[in-house]
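Enquirer: Spelled out from the first residue to the last, the chains are:
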Amino acid sequence: MPQTIFVEAINQAIIEEMRRDEAVFIMGEDIRRAVYGATANLHTEFGDNRVLDTPLSENGFFGAAIGASLVGMRPIVETLTSFMWVAMDQLISQAAKMRYMFGGQATLPVVFRATMFYGGGSAAHHSDRSYPMFMNMPGLKIIVPSSPHDMKGLLKTAVRDNDPCIIFEDGTLMGARGEVPDNSELPGGELLVPFGKANVVRQGADCTVVAIAGAVGHAVAAADELASEGISVEIIDPRTLVPLDKRTILESVEKTGRLVVVDPAHRVCSAASEIASIVAEEGFWSLQAPVVKVASEQVHIPYTPALEKLVYPNKDKVVAGIRKTLE
Amino acid sequence: MDINKDRLMLMLRRMWTIRHFELKVIEVHSAGEFTGAAHPYIGEEAVAVGACAALNDTDYIAGNHRSHGHPLAKGGDVKRAMAELYGRKDGYCKGKGGSMHLADFSIGILGESGIVASSVPVATGAALAAKIGGKDFVSLVFFGDGASNQGACHESMNLAALWKLPVIFLCENNQFAVTTSYKDSVAVEHVSDRASAYNMPGVLVDGQDAIAMYEATTEAVRRARSGEGPSLIEGLTYRFEEHSLGLGRVRRGEYRTGDEIEQWRKRDPIVIHTDRLVAQGIATLEECEAVRDETMAEVDEAVEFARNSPFPDESELFEDMWATPIPQA
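Going down the list, the protein sequences come from chains S and D. Everything in the first sequence is counted per this note's numbering, starting at 1 for the first residue and increasing by one. Everything in the second sequence is counted per this note's numbering, starting at 1001 for the first residue and increasing by one.
Calculated from the structure, these hints are not laboratory results. Note that this is a predicted model, so its numbers are computed, not measured. Misleading hints may appear alongside valid ones.
[Stated by the list, open to error] If you only want the chain D side, here are some residues facing chain S, beta carbon under 10 Å, derived: (1) Val1028; (2) Gly1032; (3) Phe1034; (4) Thr1035; (5) Gly1036; (6) Ala1037; (7) Ser1106; (8) Val1122; (9) Leu1128; (10) Gly1134; (11) Asn1158; (12) Ile1326.
C-beta: ideal position from N, C-alpha, C; glycine also.
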């Protein structure tokens, strides 16, 4: 199977969806020149009308995407998580609430692709991993791909979904390689990954690790290390947080009796918090040990690598977390 | 005046519909028939009615918290609007939106927004869809003098002018953002002066004159449809009532004088329109009074309809969240 880089998987998904459906267009800052790579060659193929470089006006153009989606278009917006703060009114007051508030009249097939750049010395203003805040707001579908395969398949599904979707693209994965099947190898001729269906990355017996986005790699590395000691770790990647595949997580905890949740977001009210609370509410009698959260520390992202490296989950923290459940 | 009688009479009818609707809302709200904020449009009817008379059903509008006048001006259903205020199942939004969120997508009413200026980018986006999709509809957004200070407004005007989008920015300058005069919050003399910063025409129009509003909007629509881009229209008007029902602490006289209110009440848009129709021999006073009476009866029927409509069933709480449904969290 061909090896594809994460950012190329994004590009493939966009190109395929724009070829398939003329209602799909893309807008964002500096996308014609593809400064972040994901929009390479789009302008050449699809032209000015469907590949729009925007002014630095997130609240304005996020809202314009929302408005266009209301009347039949299927916009994709490229942005960074940290710029979403500037557009929160449109994301929350309009995208999330409009359908319900208008009694189901509004349909908003709009996709926001928000890259999370963190871990590379970008400091507090450019390192946000903000998906838990959006999980708290009903009305938005929240997608957190961890591999080129899922990135491509989930983005294509998002473009076809009729609700507002935010895809949190993990910047630490942008250069990662992974297997993405060629369309000719697929039944149906294309890669679509459904929402709300977790991926069991690895089966195991002793401890369940639910890992989100870039944290899946840390979980795999931790599981590899512990395997040499005979500890068998099951790794689950939820792939989407809204909707969340509770069943797969609960069934796994029922089997292993232990849960570690690894989340690159800040630990308070994180996705890890929500998953831990679901297991506490619905899987309590399966647990043989307290749940462990391995999430980012509740502190802003410092610039200096000497301090930044302390903030995020990593393999060693996951190993320690798993050991704690086995004490 | 190059407007046929049917259209002029429709404008009168819609102004009366809004007037009766709002008077009735004040009455039944005071009687406790429903709760929550409601922002009367009395005094400003000519702005929305004149503007919407220049639009087709296939054109889009979006609006704000002072929300009853816009949909009724575009031909919205009086019964369903009233039922929504009553929180009933037959309301426009099945009781989930209420006074500030009337919408009727079937006739291009993309909804009213409770957050000031928040619908301005949305309406701009509808116009973007027209441009990208090669459609000939236009979109028009109502916002106030207060909203004109929001970044969303300025960002949208820049985008629309940059991309020559078929959108009409219609500022209803009723002169007060709750209690703050626009003279204390807008740095230019007129909101319409701001158009020059975005390389679009900006016109100041008498917002008590439905025909003037119609003519200004007709020109803006012509520009929009012919690819010339957006326009800014400022309808200078006045809110005859208080900012909102249920906001008792903001009493008359604390931020504007009774004399000022009385002076503006003498410029009642319905009286101005009626007088002109009669004076120019377009309609008789009897015809105009018949419109007044018919619309009053229609609003009374709407209240009965709303009162008799059931509340939504409790099972409907989770409905209308998703277009592509997912399990309830």
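Enquirer: Next step is simple, just say for each hint if it's right about the structure.
Expert: Now for the hints, and whether the structure bears them out:
The beta carbon of Val1028 of chain D comes no nearer than 21 Å to any beta carbon in chain S, farther than 10 Å, and the hint placing it at the interface is violated. Interface hint at Gly1032 of chain D: violated, since its Cβ lies 24 Å from the closest Cβ of chain S, which is beyond the 10 Å cut-off. The interface hint given for Phe1034 of chain D is broken, as the beta carbon of that residue sits about 17 Å from the closest beta carbon of chain S, more than 10 Å. Checking Thr1035 of chain D against chain S by beta carbon gives a least distance of about 17 Å; that is not within 10 Å, so the hint is violated.
Restraint check, Gly1036 of chain D versus chain S: the minimum CB separation of about 14 Å is more than 10 Å; hint violated. Interface hint at Ala1037 of chain D: violated, since its Cβ lies 15 Å from the closest Cβ of chain S, which is beyond the 10 Å cut-off. Taking 10 Å as the C-beta contact cut-off toward chain S, the hint placing Ser1106 of chain D at the interface holds, the least distance being around 8 Å. Below 10 Å, beta-carbon pairs count as interface contacts, and Val1122 of chain D has one with chain S at about 4 Å; its hint therefore holds.
Satisfaction of the interface hint for Leu1128 of chain D is found here, the shortest Cβ-Cβ separation to chain S being roughly 5 Å, below the 10 Å cut-off. Interface hint at Gly1134 of chain D: satisfied, since its Cβ lies 9 Å from the closest Cβ of chain S, which is below the 10 Å cut-off. Annotation: Asn1158 of chain D was flagged as interfacial toward chain S, and the flag holds, the nearest CB pair being 6 Å apart, inside 10 Å. At a threshold of 10 Å, the smallest CB-CB gap from Ile1326 of chain D to chain S is about 4 Å, leaving the interface hint in force.
Comparing the model with each numbered hint stated earlier shows that hints 1, 2, 3, 4, 5, 6 do not hold.
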